[in-house]
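Turn these sequences into a full structure, and let the hints guide you.
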Amino acid sequence: MKQTKWQRLATIGLCSSLVINAFSGATAVAEESSPTVASSAKEATSASSATPESTESSQETTETSREAETKEAEEQAEAEVPTETPEVRTDTTEQPAEKSSESDRQKNISPRWVSDNQVIYPRMTFAFTDETGKTFADENLTLSGTYYKLARHAATSQWRPYATRYPIVSSNAGGGQYRVAVNAAVPMPYDFLTNLPVGYAVNIYAIEQLKIDNTLKYVDSIVAPVGTIRRTYYSDQQVSETPQFGNYGSANLTQRDRTFSKNSANIFSLNSVALAPSINDVLTMMSTDGTGSAPGRDIILVGFDGTSTYRQTMNYKVTRKQVTEKFVDTNGVAITPPTGFTQNKKTPMTSNAFTFKQAGTLPDTYQADGKTYKFKGWYKGKTKPNTLTTTKAPSYAVTYDDNDDLNVVYEEVVPRDTWVYPGFYAEFVDEQGKAFTNPLTFSGNYTQFLRKKTVNIFETTGNLYPMIGSKDPSQSNKYKIETQSRIPISATYDGNVTGDVYDKREYGLHDLTITNELKYVDKIEVMNTSLPATDYLVGYVGIDPILIDFPNILHPLERAFIKNTNQRFSINAIFGANGSASTIPRLLRIGGKDQPNQRNVTLMGFDGTTNYKHTMNYKVTRKQVTENFVDTNGVAITPPTGFTQNKKTPMTSNNYTFKQAGTLPDTYTTGGKTYKFKGWYKGKTKPNTLTTTKAPSYAVTYNNDDLTVVYEEIEFFDFPALTYQFGFVDESGKRVDASTIDLTYDNWHGELLSSVDGWKTTNIEKGQVALTKNNLKEIVYPSHSLEIMNGRHSQYSAANLTFKIPKYYENISVYNKNGTFDTAYPFPTIKVNTSTTPLSNRPQLFQLKKSNNQSFIFNQTTAAAPADVQVPYNLREIVYDPATSVNKGLYHMLDKPIYYYLTNRKVTENFVDTNGTKIKPPTGFTQGNQIPMTSNTFKYTAAKALPATYTAGGKTYIFQGWYKGKTKPNTLTTSTTPTYNTT
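For the sequence shown, the numbering used here begins at 699 and goes up steadily by one.
Keep in mind the hints are simulated off the structure, nothing from the lab. All values reported here derive from a predicted model rather than from experimental measurement. Yeah, the Cβ is synthetic: ideal placement off N, Cα and C, and Gly gets one too. Please note that a few of the clues may not be correct.
[As the list claims (entries may be wrong)] Here are the simulated lysine-lysine pairs, DSBU-like style, with alpha carbons at most 35 Å apart:
| hint | residue 1 | residue 2 |
| --- | --- | --- |
| 1 | K1074 | K1321 |
| 2 | K1317 | K1178 |
| 3 | K832 | K1024 |
| 4 | K1321 | K1346 |
| 5 | K1069 | K1043 |
| 6 | K1178 | K1291 |
| 7 | K1464 | K1515 |
| 8 | K1317 | K1221 |
| 9 | K1515 | K1458 |
| 10 | K1132 | K1069 |
| 11 | K1311 | K1069 |
| 12 | K1015 | K832 |
| 13 | K1464 | K1664 |
| 14 | K1432 | K1471 |
| 15 | K1321 | K1311 |
| 16 | K1642 | K1432 |
| 17 | K1043 | K960 |
| 18 | K1043 | K915 |
| 19 | K1261 | K1217 |
| 20 | K1471 | K1637 |
| 21 | K1346 | K1132 |
| 22 | K1586 | K1616 |
| 23 | K1261 | K1132 |
| 24 | K1015 | K915 |
| 25 | K1604 | K1471 |
| 26 | K1502 | K1317 |
| 27 | K1317 | K1345 |
| 28 | K1044 | K1078 |
| 29 | K1515 | K1616 |
| 30 | K1024 | K915 |
[Stated by the list, open to error] So the derived label-pair ranges between C-beta atoms look like this:
| hint | residue 1 | residue 2 | range |
| --- | --- | --- | --- |
| 31 | T1088 | T1152 | 56 to 64 Å |
| 32 | T1612 | E1476 | 53 to 61 Å |
| 33 | E1129 | T1028 | 19 to 27 Å |
| 34 | T1361 | N1402 | 21 to 29 Å |
| 35 | T1088 | T1034 | 39 to 47 Å |
| 36 | S976 | G872 | 33 to 41 Å |
| 37 | Q1182 | T1152 | 33 to 41 Å |
Spelled out as structure tokens, the structure:
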């Protein structure tokens, strides 16, 4: 009856029941002989999940497992028959967990308890905070492990595990808390405590291993504070059906529960000892036990209540490895650090790839405790190397080997008298940014000056230190400018003066002059906007800078060399009544100033050493000749190709001659306009007469040297493309092959100026040959334009036309043999573009005359041409002087070809007596019969043979012979059928 009630109450106390799947475990091998029993079919596993809940702690009585270690063996012999035998296993290596999540544990919940199938859900919440008390949030943790059943072996006092293992899983609950649960419904039958193998006493459940899967190189330790863990008690007399967590007080946490151990792979874990010789070697949290007051009947659950609710929270502090910042002198003795830094400041590492970066930038020097310290460098770890790292913002990747601390080393320095060497480099470029290489020479003075109290006037002491300049041997436009002697600075110099008159003593540039005469230079300006300055503590000037290269704005009077009337350039400080702080150059100035915790001496533009680090960059702007292109009204125009409006040509010497690049064209076209060259002049005022050379050149005067080129805008007349055609007809009215006739001509350009008598040739293209097209000779004028200019007529025409006909033609004429025109080849209508009325009496203007041999030229040509050029009237293109004609241009248009008639040469048959007197010819022959020649190789042959004798008009004639030509030879040819080659 009591046993039945325990089953019922335990099931109620565990709060939930599951339908569970069989959990398979490995077969165990015992170290010594134990009874072999069949595995109970009553143990099973399942999965569920729950939510965390915080718990309280208290102290309570000792559990059965701890009492059982002192019980006699006979108590164990009274135990019920066990369902399995514990195994002997010496390793605590975690077992592979089931591939399931925490949520799987709630998948198969049974609505009611089933007899002998009570189960428990071991689970707790683990909370992690860092060493500062804040939530550990450097990364998301994953916890896993194994849960197992153990029994105490009486003979050896060892706690030996059974074969079955239950996986432990985790989930992130947020805020640094993680739910850790056995991923199974762990069997807890009514006879759990007493169902033991022979030789064993007390069964318990416990964590075999709980590990954090994350690799945590940067974590030093994970430890919970000393404390307790609450327990839940289930009795066979329990009447409440509600679990009462904490109803059995609290158990002390062992060191094993409180401390995660770290292995060589940087994995942290909690572990029970294999074959633990004492119950204290088994993890207490999430374990089970029985009571000493009711052995074998009452169950205790440590840190949970058996339900799916999380009751207990374990709080662990994660102490991360840290980088400690240490400030030491050269002997390794700790010193007061600079302002803004803390001795022994600790910076925690936050990842497995942590890089330490010190906050702030280390000063080069600082003062503390009446001492001055100079930065020497820093190193990582415990051992100081021979060479320190000198960066001012230490940063390095840590090695997690307790050798990551930062050591910053400063050296104490002692004030002393020093010298400084005022000097700098000057580099000159021209206005185009190119090196200005004309040699320069320098002279100047450096001085000490004082400031009067109250009135703030600066006065020089009169002590001058000469300055010199020398060219850099490696760079032709760079010079080293320096004082000839060093300047002494005492150990106590701070720029202040004690007395009634003056309160400040400083050093600076008195004057600096470029001694060359530079007529051709307009100005010399500095391109630097500021110059670097270096601060030293009083007593360390030129030795140990505390601030390097911080900028200072230049004063206006040193931003340019000023040109003097002697054509030399200089920079001059102004002292006396008109002087002030801004009238003394900052370049090379030495002055004192007070900082909050120290007195400084500032060197501007140099650092006090002979190694001059600063370069002043100067732009030399030379005087220039500007090229202007204007029309006759002085308005700027687009220049010809190859020239640039407002092009500036710098002068390069004190005796410079300007020469314009290129040759100016006589005319050019741009932007739809055409311009004609008129001339040029130098300076601002246009003279009455321009210079007309096309390559301007002149010696400059350095005060009025610009070039102005004047072009006049001109108008053009556009001529269309024109074609003039010539055909040829023979005596029979048939067309002659035009290719047998040569037509040559010249393309002629001419002009007539109002100021000059007679036409002149401006251009002539000789030897043009007319082409044959469609059995016509053609002269083609391309479309083109001729300029219209005041005071000028101009012409374009084919000139010196020459027709050369074959030898067998005797003549060529614009008229036929009747002095008219064949109806098939009428004379063309000729018009000009300025009128619709055809021109009259044109044929005679196309008549030809013989020139020589077979060549013919125009009989009449225009007088509007030079005497040596023959220009036909009606082939001309003319542009008129706008001052004399309303018409701008004129050209001739022919509506059809001009046909020329050719006359053949002929052989005339003459019959004469011996005196040369014509006689009546024989029958069949005709006196004066003419036979036309038809080729250049024409051969004459009589139509028939001449008779030996014949009678005509009562007279009888006897054949004497024949001859060719006009002159009778002494001997006649006597063949009766005359034949010969014509000439």
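Each hint tested on the structure:
A distance of roughly 53 Å separates the Cα atoms of K1074 and K1321; the hinted pair therefore is violated under the 35 Å criterion. The hinted pair formed by K1317 and K1178 meets the criterion: a straight-line CA distance of about 17 Å does not exceed 35 Å. Distance check on the hinted pair: K832 and K1024 sit about 25 Å apart at the alpha-carbon level, within 35 Å; holds. Taking the CA atoms of K1321 and K1346, the gap is near 9 Å; set against the 35 Å cutoff, the hint holds.
Taken as a hint, the K1069 and K1043 pair is honoured in the structure, with Cα atoms around 22 Å apart against an allowance of 35 Å. Distance check on the hinted pair: K1178 and K1291 sit about 28 Å apart at the alpha-carbon level, within 35 Å; holds. In summary, the hint linking K1464 to K1515 is supported, as the alpha carbons are separated by about 33 Å, within the 35 Å threshold. Proximity of K1317 to K1221 is assessed by CA-CA distance (about 8 Å); at most 35 Å being required, the pair is judged to hold.
Taken as a hint, the K1515 and K1458 pair is broken in the structure, with Cα atoms around 39 Å apart against an allowance of 35 Å. For the suggested pair K1132 and K1069, the alpha carbons sit about 51 Å apart, so the restraint of at most 35 Å is broken. Taking the CA atoms of K1311 and K1069, the gap is near 30 Å; set against the 35 Å cutoff, the hint holds. With a CA separation close to 9 Å, the supplied pair K1015 and K832 stays within the 35 Å bound.
For a cut-off of 35 Å, the pair hint linking K1464 to K1664 is broken: about 40 Å separates their Cα positions. This hinted pair checks out: K1432 and K1471 have alpha carbons roughly 17 Å apart, not beyond 35 Å. At most 35 Å may separate the alpha-carbon atoms for a hinted pair to count; K1321 and K1311 meet this at roughly 32 Å. Taking the CA atoms of K1642 and K1432, the gap is near 29 Å; set against the 35 Å cutoff, the hint holds.
Taking the CA atoms of K1043 and K960, the gap is about 26 Å. The hint holds against a cut of 35 Å. For the given pair, K1043 sits about 21 Å from K915 by alpha-carbon distance, which is consistent with the 35 Å threshold. Using a Cα cut-off of 35 Å, the hinted pair K1261 and K1217 holds, with the two alpha carbons roughly 10 Å apart. For the proposed pair K1471 and K1637, the alpha carbon gap of about 31 Å is at most 35 Å, so the pair holds.
Taking the CA atoms of K1346 and K1132, the gap is about 15 Å. The hint holds against a cut of 35 Å. For a cut-off of 35 Å, the pair hint linking K1586 to K1616 is broken: about 66 Å separates their Cα positions. Using a Cα cut-off of 35 Å, the hinted pair K1261 and K1132 holds, with the two alpha carbons roughly 22 Å apart. Straight-line distance between C-alpha atoms of K1015 and K915 comes to about 16 Å, which keeps the hinted pair within the 35 Å bound.
Among the hinted pairs, K1604 with K1471 is consistent with the structure: their alpha-carbon atoms are about 30 Å apart, no more than 35 Å. About 75 Å separates the Cα atoms of K1502 and K1317, which puts this hinted pair outside 35 Å; it is violated. Pair hint K1317 plus K1345 holds up; C-alpha atoms about 20 Å apart against a cutoff of 35 Å. Simply put, K1044 and K1078 have alpha-carbon atoms about 14 Å apart, close enough for the 35 Å limit, and the pair holds.
A hinted pair counts as satisfied when its Cα atoms are at most 35 Å apart, and K1515 with K1616 qualifies at roughly 27 Å. A distance of roughly 23 Å separates the Cα atoms of K1024 and K915; the hinted pair therefore holds under the 35 Å criterion. Between T1088 and T1152 the beta carbons are some 46 Å apart, a value that contradicts the proposed interval 56 to 64 Å. Between T1612 and E1476 the C-beta distance comes to about 56 Å, which sits within the given range of 53 to 61 Å.
Between E1129 and T1028 the beta carbon distance is about 54 Å. The supplied range of 19 to 27 Å is therefore violated. Between T1361 and N1402 the CB atoms are about 25 Å apart, so this pair conforms to the stated range of 21 to 29 Å. Take T1088 and T1034: their Cβ atoms lie about 21 Å apart, and the range 39 to 47 Å is violated. Our hint of 33 to 41 Å for S976 and G872 holds, since their Cβ atoms are close to 38 Å apart.
Separation of Q1182 from T1152 is about 36 Å and conforms to the stated range, judged on CB atoms against 33 to 41 Å.
When each numbered hint is compared with the structure, violations occur for hints 1, 9, 10, 13, 22, 26, 31, 33 and 35.
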